[in-house]
Amino acid sequence: MSLINITLIVYVVASIAYIAREIWPSAGIRWASLGLFILAFCLNLAMVTKRSIEAGHPPFSNLYESLIFYACCTTFVYIIFEFVYNFRIVGALASVLSMLILLYATLQDDTIRPIMPALKSNWMLVHVVTYMLGYAAFGISFVTSIIFLVAKPFVKKTHGSSREEEKEILPRNFDKLSYKIVAFGFPFLTLGLVTGAVWAKKAWGDYWSWDPKETWSLITWLAYLVYLHTPLVLPKMNINKSKAAVMLAIWLLISFGIVNFTFVGMNYLPSAEDSAHVYGSK
Amino acid sequence: MKSVKNQPGIQEKEISGNIVQMSRSRVIQNKKDDSSKIWEFFCSVKLAVVIILVMVVACILGTVILQERTLDEYTARYGYGLATFFRVTQLNNVFYSYWFSFLLILLCANLICCTIKRWRNTFLQTGFILTHLSLVLILIGGVVKFQLGVKGGVNVYEGKTVNYFLTQMINRQGKMDYIKKDLPFSIALDDFILEKNEPKYQLVSYVKDKDRQKVLEVKPGKRQRVPGSGYKVTIKDYIPDAELKQEPINTSDKPENPAVFVRLFGSEDLAAEGWLLANARNSYDDKKQNLRVEYIWMPSQEELDKAVSSVGSSQAKLSVTISDHTQDYPLELNKVFKIEGTNYSAKMLQYVFNYGDRRPVGEQPMDNPAVQVEINGPEGTETRWVFEKFPDWDKMHPSKYKNLKLTCSGIESTHMAKNTVRFLHSPEGKQVMLYIKDKRIVETIPWELGKKYTISGVGSQIMVSDYFPAFDFKQEVVKKSDEIGVPAIFVEVEGPSGKADDWLFSNNQYATWYTDNNLALVYESTGDSIKHFTSKLRIVDNGQTVAEKTIRVNDPLKYKGYVIYQSSYDPEAGNFSGLQIVKDPGIPVVYSGFGALCFGVIFIFYVKPFLRKKTKKEMEE
Ligand code: HEM
Chain P
1 MSLINITLIV
11 YVVASIAYIA
21 REIWPSAGIR
31 WASLGLFILA
41 FCLNLAMVTK
51 RSIEAGHPPF
61 SNLYESLIFY
71 ACCTTFVYII
81 FEFVYNFRIV
91 GALASVLSML
101 ILLYATLQDD
111 TIRPIMPALK
121 SNWMLVHVVT
131 YMLGYAAFGI
141 SFVTSIIFLV
151 AKPFVKKTHG
161 SSREEEKEIL
171 PRNFDKLSYK
181 IVAFGFPFLT
191 LGLVTGAVWA
201 KKAWGDYWSW
211 DPKETWSLIT
221 WLAYLVYLHT
231 PLVLPKMNIN
241 KSKAAVMLAI
251 WLLISFGIVN
261 FTFVGMNYLP
271 SAEDSAHVYG
281 SK
Chain Y
1 MKSVKNQPGI
11 QEKEISGNIV
21 QMSRSRVIQN
31 KKDDSSKIWE
41 FFCSVKLAVV
51 IILVMVVACI
61 LGTVILQERT
71 LDEYTARYGY
81 GLATFFRVTQ
91 LNNVFYSYWF
101 SFLLILLCAN
111 LICCTIKRWR
121 NTFLQTGFIL
131 THLSLVLILI
141 GGVVKFQLGV
151 KGGVNVYEGK
161 TVNYFLTQMI
171 NRQGKMDYIK
181 KDLPFSIALD
191 DFILEKNEPK
201 YQLVSYVKDK
211 DRQKVLEVKP
221 GKRQRVPGSG
231 YKVTIKDYIP
241 DAELKQEPIN
251 TSDKPENPAV
261 FVRLFGSEDL
271 AAEGWLLANA
281 RNSYDDKKQN
291 LRVEYIWMPS
301 QEELDKAVSS
311 VGSSQAKLSV
321 TISDHTQDYP
331 LELNKVFKIE
341 GTNYSAKMLQ
351 YVFNYGDRRP
361 VGEQPMDNPA
371 VQVEINGPEG
381 TETRWVFEKF
391 PDWDKMHPSK
401 YKNLKLTCSG
411 IESTHMAKNT
421 VRFLHSPEGK
431 QVMLYIKDKR
441 IVETIPWELG
451 KKYTISGVGS
461 QIMVSDYFPA
471 FDFKQEVVKK
481 SDEIGVPAIF
491 VEVEGPSGKA
501 DDWLFSNNQY
511 ATWYTDNNLA
521 LVYESTGDSI
531 KHFTSKLRIV
541 DNGQTVAEKT
551 IRVNDPLKYK
561 GYVIYQSSYD
571 PEAGNFSGLQ
581 IVKDPGIPVV
591 YSGFGALCFG
601 VIFIFYVKPF
611 LRKKTKKEME
621 E
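Chains P and Y supply the protein sequences, listed in that same order. Here the numbering used here is used: the first residue of the first sequence is 1, the next is one more, and so on. Here the numbering used here is used: the first residue of the second sequence is 1, the next is one more, and so on.
Since the hints were derived computationally from the structure, they do not count as laboratory data. Each residue gets a CB set at the ideal place from its N, CA and C atoms; glycine is no exception. Careful, some of the hints might be misleading.
[Stated by the list, open to error] Ranges between beta-carbon positions, derived for each pair:
#1 Y:K180 to P:K236: 47 to 57 Å
#2 P:N122 to Y:E68: 23 to 33 Å
#3 Y:G380 to P:L125: 39 to 49 Å
#4 Y:E621 to P:E54: 50 to 60 Å
When you get a sec, could you build the whole thing from the sequences and use the hints?
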């Protein structure tokens, strides 16, 4: 069986383990699920490493390579957060998210092709890595927003009884959690945008030329910028707090849609044909 | 970081503080009410959010609507009405439109005002001030670039010097304008090097009934399944530089595949020689002497006798097969004919003797004859090339009218050289040589093996030196060298009709089909891509060389505020180097903005929370 299939299966098993842990909260399952997730990460990292060795260049020269790297980053960022916060069901969905990304990668052309000269740059390396970490954080905030929206109508004001639950973040507080995750990811996105501009200047002579791919990465940045500023506005606008939280969660879902559009959806734009940066156009 | 008790957002307390401050200022400065309202407006986060959202919409429009194209392009794509609408609203150039500039100015004002208003000399505010002002810097830098910067390109040939470049823009009439800009120095291209990657090869499979194409691994020895089908493919051998050696042999005394070896002599020396196969490649054209040599096998003595008295050659024709019924049409250009049994019509547009050859038809060798056909039917018009030698070409290449199979034959006969020597041969052993000049038989001579005959009108001599009744090739694949030249793989396919194997050559652009005609394999180069290209440049200012550098992508040359980038190359011959020339005095401003922005966001989201937590802990203690 190929490495990618094993990785996919481990992601699924990890997801099931996280659901199991929600039903029978025990320390054993906790560690087992986290262990499985870390195993999936290692396998995913092995895929990335194997690919870069086989291809002989950093693994982001085409969509296939970028996607497996993206999945790897998502898992990595999730694991960091799992150590910092006492997460609940998030791992189950984060695992599914990484799995879907990998699954999407299997649909792509995986031929190793030589990389074009413009991609041979250290700026590009920093650019992609920071971007992927940013995207990964937004992926996790997407998951927490979904859980928040789903859980909100059900778990109204149940009080955590046991001490174990006290420490945990309950889904009804996931709005604050989402904010923290976005706040973690946003500097990476900003660094990605800036290093991308510097790299473009070096390679194409202009740090910004309103190329569709550039424009969409700006749109992504602006979307999260709005998210970060709205908590300053909403209190002034007599919208009740719980409604505001729902609106922000929905905005995060939309923003993650924009992220994915910037990443892979671009190719469907009429202007993509003469973009210098769209995957697979050349 | 474990505590989540804080409100999301950046400090609500201070905001309410601002509101209090604002209302107090209202009481005190009643007269200045209006101006303070404006001030508040420019300071508000609400304005910021609105501006950003409008910018998002503008950006989306700017990528969905094609930007900066010629008026003709807009009219063709969107129709006249929309094209005019885009021009009036500047939606054809969103990012340089007046309204977008207005938006950016508003954004700038907002950023400056809110920063002034919130200015506190506390260390914790560093990030807030840096990020907001960095954006102002970047915008100012952008304005400088727009006002004082130039960007253009020039193609330089090796050994040549240029002192100008061209910029491109759409003028008011919606047409593309090239403007020549002079450089205050000149650029000499001393050397241009285009380095290609070693070509890579891939094995592509195509399963016809699934219409699915997939790249297979090229790993000798590994048995792999063609995805989505039951076929299994094993690569049994690989030769990096292979050659197919073909040795002609005779396999029988019966005329199963008659062939003659013909030698053509100039005044004295051998001019050309080769096999002519009656059933396949049965002619040779000597363009210089306008001479054609043909070898024709006649089915019987009577047929031969008939042929000796008339020139008549076979007719070129196009055959159309639709649901197993085949109909022939004589080759006639530009005549529309109805395809029998359908409501399609077709038209032959042109024919060539060697597809892809740019010379006039008459000068082309008879290597790859093809006809271009236009088909009209319910799904619209389709033009398709039909190749005489590759009747299965259209199976491999999806087309609109898949149900129509087109083949052609006899295209050669459209061409009649001035002089023709025709060797006729019949089963009874009768051998006649015809010399045809201007479509009339001039001479009729019985020919014999090994005898030279003079072609009177041309002045050269001809001889049939060998005859194989059952011509065949003994084929052998040999290794020419260890370097990568023409790689070939020996592939075994297992499928419903058993095992089959064959050599696949990477220089064969046509597919090899498995016996059931459902699986095709192509072993091909993925195209030789460019590894890098570099230009050795010399800057000459006032007649003196002042700078020298070999530039490449990602490594430009800078001189007097101009930056010269390697941007492209001559894709056809690799003769010229495409340079991009940029002058942007705004760069230092923009880059300081970039630096401040990066530092600012890191401060706000990583440093500040960390410092906060620390002071909080200290206070608790
Ligand atoms: C990287 C980009 C940005 C970051 C990280 C950022 C961050 C912040 C932060 C942390 C605050 C709160 C300051 C505090 O509470 O002390 C703030 C407030 C604000 N920001 Fe931004 N901002 C960014 C871009 C922008 C942009 C593009 C605008 C648009 C004009 C903007 C307009 C505002 C406004 C109006 C306020 C409110 C100031 C007030 O309440 O008086 N910011 N921003």
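Taking the hints in turn, this is what the structure says about them:
A hinted range of 47 to 57 Å holds for the C-beta pair Y:K180 and P:K236, which are about 55 Å apart. Taken as a hint, the range 23 to 33 Å holds for the pair P:N122 and Y:E68, whose Cβ atoms sit roughly 32 Å apart. Look at Y:G380 against P:L125: about 48 Å separates their beta carbons, and that is inside 39 to 49 Å. The hinted range of 50 to 60 Å is satisfied by Y:E621 and P:E54, whose Cβ atoms lie roughly 55 Å apart.
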